[in-house]
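Asker: Now for the letters of each chain:
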Amino acid sequence: MNIYGKKIGLAILIALFPLVCAVFSFAESKGQEVPKKFLVPPPPFSPGIFPCSQCHKYMPVNKKQRKLEQMHQDITLKHMPGGWCFDCHNPDDRDKLRLANGKLISFDESYYLCAQCHGVVFRDWKAGLHGKRTGMWNGEKQYRLCVHCHWPHDPPFKPLQPLPPPARPADIK
Amino acid sequence: MSKIRSNPLGVKLDRRTFLKGAALGLAGTALPLNKADASFWEAFFQKHFREMNDDEKKKVIQRLEKEYEQKYKKAIHIGSEKPMPGVLFGYGLDLSRCIGCRRCVYACVEENNQSIDPQVQWITVLRFKKGEKWIDLEESEKYYNPEQVPESGHFYMPVQCQQCENPPCVRACPTQATWKEPDGIVVVDYNWCIGCRYCMAACPYGARRFNWGEPKRPAEKINPNTHYLGNRPRYKGVVEKCTFCVQRTRNGRYPACVEICPVGARKFGNLLDPQSEIRYAIEHKRVFRLKEDLNTNPKFYYFFAYGR
Ligand code: SF4
Ligand code: SF4
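Here the protein sequences come in this chain order: A and B. Heads up, the first sequence is in my numbering, so the first residue is 1 and it goes up one at a time. Heads up, the second sequence is in my numbering, so the first residue is 1001 and it goes up one at a time.
A couple of the hints might just be wrong.
Unchecked claim - Heads up, incomplete: computed chain B residues facing chain A, CB under 8 Å, no partners named:
(1) Asn1053
(2) Gly1079
(3) Tyr1106
(4) Glu1110
(5) Gln1119
(6) Thr1124
(7) Ser1152
(8) Gly1153
(9) Asp1189
(10) Asn1191
(11) Ile1194
(12) Arg1197
(13) Phe1268
(14) Gly1269
(15) Leu1272
It is worth saying that the hints were derived from the structure and are not from the lab. Every residue gets a Cβ at the ideal spot worked out from N, C-alpha and C, and that includes glycine.
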């Protein structure tokens, strides 16, 4: 009896297998997108610079690759050789960023933009492994945007001054 | 000079008086009777923490809170949160990320009320030269002090209590003042520790610290949110160490060193939860544990998230 029950259960499972697969692959395709909005602090804009449209609204769009002379001279792009503003910024609505596929995203979701090239890191970041998280280990976690640690125009993490070394035994009175 | 030792009970006994008392076979002789108020005897007969029921714990905690309030002139809360069921804490540290900035060392001191003078720190950051035989602890440097970190050609490895599943320190303690809690944290009862330092000799990671002097920390810098088995102020002559910030983590928060680390090298979570960060690290990265061959079975996992 018992054995029969098991066999029937197995048969049902096998019969349902395609369905189970479908559910999983659905879940997987959803997994490509970030499932929820991550809790992140506001993007680290220089004070007063956002929204970009406050100036750009009044300016014609010049898509020519050139050296900037009137504004943003502090930015030397040391990220992606041959890269250019409009690889990430959106020429027509400056308050948005633009993915390679043309999709517009807001600055507080800029991780999608980074993820276009840094997919492996993005995967780890989503899982909470790459980058800093604070809050609850069993509850709500505060994430950081990639740009909080990596200035997008020159991304490597900047060196820090270390805090003092421990006292040597000889220094202890 | 007579050697006077002050103990957690605040009783000063010089050796001669003690021996006299002992010779008479009468502990009472050695104990100054004018100090013999109720609180003194309560402290003297305090039970082992694990043998106390909730009521008894509450009483002990009330007594200690009063003592601390007198000493530091401010209210200090001592919690006694129990381990959460189904939780076994694990820690991860990404060596490919750590830059050796020592922010964690000092965040831990602030959170856990370590003595500033004499200096007590629970985390030691070791610097290694990159190379073939890299994890040679003898070759490590803990006093490095360059202008900026990281230095090229080096990497850094912070070491603190590894919260072993099979902790040698616990077996070494003659008074059972230290033990492993069900959530995996190895704790010390500072009122039970006699200061023999056997545990320090037994720890293969050098993670335990001894209060050689009266721990000094200005009252305004005392973190008043404490746990009996964690960061409550300690006494001269007792051993202490990292507790995975028991006062924070048993309330669901990340440890202090996790939250301060500027590069996010430190990961923390429940080893029994397949969705946790620490499980993700163990399942997806190359992890190792320090001195694995000693069979201490630490719950502290080092890993390299990125080959660099
Ligand atoms: S704070 Fe983070 S980066 Fe700095 S020494 Fe500690 S673990 Fe390493
Ligand atoms: S977990 Fe808490 S006690 Fe342990 S080293 Fe980190 S800050 Fe210190």
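Asker: Hints broken by the structure, by number, lowest first?
Answerer: Hints 1, 2, 4, 7, 8, 9, 10, 11, 12 and 15 are the ones this structure does not satisfy, whereas the remaining hints hold.
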